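Student: Sequence:
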Amino acid sequence: MGLKPFIITYISVISFSNFVFVLFSQTIRDIIWSFFRDASGVIILGLVFLFAFAWLIKARPHKIPKKYFITSFDVYGMETHIDGLRTEFKNHDVAWSFMKFYKKSYPLYNFALVSEEMKQDKKIIFKYI
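FYI, the working numbering numbers position 115 of the sequence shown as 115, with every residue one higher than the one before it.
Hint data in this document are derived by calculation from the structure and do not stem from the laboratory.
Computed from a predicted structure; not experimentally measured.
Some clues are possibly wrong.
As the list claims (entries may be wrong) - The list that follows gives simulated cross-link-like pairs (lysine-lysine, DSSO-like), each with its CA atoms no further than 30 angstroms apart:
1) K4 / K63
2) K100 / K127
3) K103 / K66
4) K127 / K58
5) K66 / K127
6) K123 / K103
7) K127 / K63
8) K67 / K90
9) K90 / K127
10) K123 / K63
11) K66 / K4
12) K63 / K100
13) K90 / K122
14) K103 / K90
15) K90 / K104
16) K58 / K122
17) K67 / K104
18) K90 / K100
19) K67 / K4
20) K103 / K127
21) K123 / K104
22) K67 / K100
23) K58 / K123
24) K58 / K104
25) K122 / K63
26) K90 / K58
27) K67 / K122
28) K100 / K123
29) K122 / K100
30) K90 / K63
31) K4 / K58
32) K66 / K90
What the hints assert, rightly or not - Derived CB-CB ranges, DEER-like:
33) F73 / D93: 33 to 43 angstroms
34) V42 / F126: 35 to 45 angstroms
35) H62 / D83: 50 to 60 angstroms
36) V20 / A59: 48 to 58 angstroms
37) S17 / L45: 37 to 47 angstroms
38) F16 / L47: 39 to 49 angstroms
39) M78 / L56: 26 to 36 angstroms
40) F16 / I43: 16 to 26 angstroms
Note that the Cβ used here is the ideal one computed from N, Cα and C, for glycine as well.
Kindly produce the complete structure, drawing on both the sequences and the hints.
Tutor: Pasting the structure below:
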């Protein structure tokens, strides 16, 4: 009769500690791991869709001008015409390159890269140096 309470207590403590060990070492860990694995998949998929949407918005076709013009301005800011300069271009990069060359050749003049839209009366200035 003296050993029976100790044996029952010992078996109860061992079984409870085994239950707690299994609970914290496998069950809770597996639940947390599966949650973060699924959550990270959702986050990555969401970021993929976000970047795809941003790319589609940015990649949509824009209406670009068909002609670009270089306009020259004198020291007082008045629009002038310099003989011998090419002022009409079909490509933005070529017009920008010529404009930089003209600025080096004529440092007292300022140059603007402009485009005329059909629907607007005003010229649109893209770059000014």
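Student: Against this structure, judge whether each hint is valid.
Tutor: To see whether the hints hold, each was checked on the structure:
For the given pair, K4 sits about 91 angstroms from K63 by alpha-carbon distance, which is inconsistent with the 30 angstroms threshold. With a CA separation close to 10 angstroms, the supplied pair K100 and K127 stays within the 30 angstroms bound. Distance check on the hinted pair: K103 and K66 sit about 24 angstroms apart at the alpha-carbon level, within 30 angstroms; holds. Taken as a hint, the K127 and K58 pair is honoured in the structure, with Cα atoms around 21 angstroms apart against an allowance of 30 angstroms.
This hinted pair checks out: K66 and K127 have alpha carbons roughly 16 angstroms apart, not beyond 30 angstroms. Our distance criterion of 30 angstroms between C-alpha atoms is met by K123 and K103, whose separation comes to about 21 angstroms. A threshold of 30 angstroms between alpha carbons decides the hint, and for K127 with K63 the separation of about 18 angstroms falls inside it, so the pair holds. Between K67 and K90 the alpha-carbon distance is near 5 angstroms, which keeps this suggested pair within the 30 angstroms criterion.
In summary, the hint linking K90 to K127 is supported, as the alpha carbons are separated by about 16 angstroms, within the 30 angstroms threshold. For the proposed pair K123 and K63, the alpha carbon gap of about 15 angstroms is at most 30 angstroms, so the pair holds. The suggested pairing of K66 with K4 is violated, with an alpha-carbon distance near 99 angstroms, which exceeds 30 angstroms. Distance hint between K63 and K100 is fulfilled; the C-alpha atoms sit about 25 angstroms from each other, no more than 30 angstroms.
At most 30 angstroms may separate the alpha-carbon atoms for a hinted pair to count; K90 and K122 meet this at roughly 19 angstroms. Among the hinted pairs, K103 with K90 is consistent with the structure: their alpha-carbon atoms are about 20 angstroms apart, no more than 30 angstroms. A hinted pair counts as satisfied when its Cα atoms are at most 30 angstroms apart, and K90 with K104 qualifies at roughly 22 angstroms. Under the criterion of a C-alpha separation no larger than 30 angstroms, the hint pairing K58 with K122 is consistent with the structure, at around 26 angstroms.
For a cut-off of 30 angstroms, the pair hint linking K67 to K104 stands: about 23 angstroms separates their Cα positions. Annotation: proposed proximity of K90 to K100 holds, straight-line Cα distance about 17 angstroms (limit 30 angstroms). For the suggested pair K67 and K4, the alpha carbons sit about 101 angstroms apart, so the restraint of at most 30 angstroms is broken. Taken as a hint, the K103 and K127 pair is honoured in the structure, with Cα atoms around 12 angstroms apart against an allowance of 30 angstroms.
Taking the CA atoms of K123 and K104, the gap is about 24 angstroms. The hint holds against a cut of 30 angstroms. Distance restraint check for K67 and K100: the Cα-Cα separation of roughly 18 angstroms lies within the 30 angstroms cut-off, and the hinted pair is therefore satisfied. As the CA atoms of K58 and K123 are separated by approximately 25 angstroms, the hinted pair is consistent with the 30 angstroms bound. For the hint linking K58 to K104, the alpha-carbon distance of about 34 angstroms lies beyond 30 angstroms, and the restraint is violated.
Annotation: proposed proximity of K122 to K63 holds, straight-line Cα distance about 17 angstroms (limit 30 angstroms). Between K90 and K58 the CA atoms are separated by roughly 23 angstroms; this keeps the pair inside 30 angstroms, and the hint holds. Restraint check for K67 and K122: the C-alpha separation of about 15 angstroms stays at or below 30 angstroms, so the hint holds. Simply put, K100 and K123 have alpha-carbon atoms about 20 angstroms apart, close enough for the 30 angstroms limit, and the pair holds.
Under the criterion of a C-alpha separation no larger than 30 angstroms, the hint pairing K122 with K100 is consistent with the structure, at around 24 angstroms. With a C-alpha separation of about 14 angstroms, the suggested pair K90 and K63 falls inside the 30 angstroms cut-off, and the hint holds. Distance restraint check for K4 and K58: the Cα-Cα separation of roughly 79 angstroms exceeds the 30 angstroms cut-off, and the hinted pair is therefore not satisfied. Restraint check: the Cα-Cα separation between K66 and K90 comes to about 6 angstroms, which is no more than 30 angstroms; the hinted pair holds.
Judged by the Cβ atoms, the range 33 to 43 angstroms given for F73 and D93 is violated: they are separated by roughly 22 angstroms. Under the hint 35 to 45 angstroms, the C-beta atoms of V42 and F126, about 43 angstroms apart, fit the expected range. At about 35 angstroms, the beta-carbon gap between H62 and D83 misses the expected band of 50 to 60 angstroms. One distance hint, 48 to 58 angstroms for the beta-carbon pair V20 and A59, holds here, with the actual separation near 56 angstroms.
For the pair S17 and L45, the beta carbons lie near 41 angstroms from each other, so the given range of 37 to 47 angstroms is met. The supplied range of 39 to 49 angstroms is met by F16 and L47, whose beta-carbon atoms lie about 45 angstroms from each other. Distance hint check: the CB atoms of M78 and L56 are about 45 angstroms apart, inconsistent with the given range 26 to 36 angstroms. With their beta carbons about 38 angstroms apart, F16 and I43 fall outside the hinted range of 16 to 26 angstroms.
Hints 1, 11, 19, 24, 31, 33, 35, 39, 40 from the earlier list are contradicted by this structure; the remaining hints agree with it.
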